[in-house]
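Trainee: Listed below, chain by chain, are the residues.
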Amino acid sequence: GAGVSQSPSNKVTEKGKDVELRCDPISGHTALYWYRQSLGQGLEFLIYFQGNSAPDKSGLPSDRFSAERTGGSVSTLTIQRTQQEDSAVYLCASSFGSGNTEAFFGQGTRLTVV
Amino acid sequence: GQQVMQIPQYQHVQEGEDFTTYCNSSTTLSNIQWYKQRPGGHPVFLIQLVKSGEVKKQKRLTFQFGEAKKNSSLHITATQTTDVGTYFCAGPPYNTDKLIFGTGTRLQVFP
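Chains as they are written, first to last, in the working numbering: chain A, 1 to 114; chain B, 1 to 111.
Calculated from the structure, these hints are not laboratory results.
The structure presented is a predicted model; accordingly, all values stated were derived computationally and were not measured.
Be aware that a few hints might be false.
Said to hold, decoys possible - Which chain B residues face chain A? A few, computed with CB under 8 Å, are given here:
| # | residue |
| --- | --- |
| 1 | SER30 |
| 2 | GLN33 |
| 3 | PHE45 |
| 4 | GLN48 |
| 5 | GLY66 |
| 6 | ILE100 |
| 7 | GLY104 |
Cβ coordinates follow ideal geometry from the N, Cα and C atoms, glycine included.
Sequences are here, hints too, so could you generate the full structure?
Mentor: Structural data, given as structure tokens:
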């Protein structure tokens, strides 16, 4: 597609369940980011993939959060045993290079844990 | 850890007034980028500055990168209702290439 695609756009899950969020970056973009945005708040860095390098996981808030990027393209963010404080919009972004180039964002996945 | 703070957090202005948001990083940034997020939308890239002391203009918007490459500002002249949104600065801290975002400034413009 022409832009970054995220799915689902909305997800409501029960506390304690696992969820998977998907991101399809722009073709050819080597960098992929996941951010979390709580209502009215800023963009909290979660994880960064760059080409074939080991991902920078320094922003993951707990070991319940994990992410992978298969074949240098599609990425999945997994949250295990969801908690109410995980409720937020999860934004994915990709860029052609590293943090030195413009990042393109998807529309986000709004996660609600009830 | 690496922190990028923006002030003010919120700003309400009358249409036609000027607006400025300031961005301060705890570490040197290799470049500074600015993004705008409209209510209900996702961040959209506005501009990138790379050189120390660089100033760039886009119509009514003026962007500045500090001499020490640790701070930046965005100034909007004669705001319009279309300027409403949250403005974020972002950049890779020195020795990394990941993009860290500032805390954002939410601008509300009253007609």
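Trainee: All the hints need checking, so say for each whether the structure fits it.
Mentor: Structure-based check of each hint:
no. : hint   : in the structure
1   : SER30  : holds (6 Å)
2   : GLN33  : holds (7 Å)
3   : PHE45  : holds (4 Å)
4   : GLN48  : holds (7 Å)
5   : GLY66  : violated (18 Å)
6   : ILE100 : holds (6 Å)
7   : GLY104 : holds (5 Å)
The earlier numbered hint that this structure contradicts is number 5, and it is the only one.
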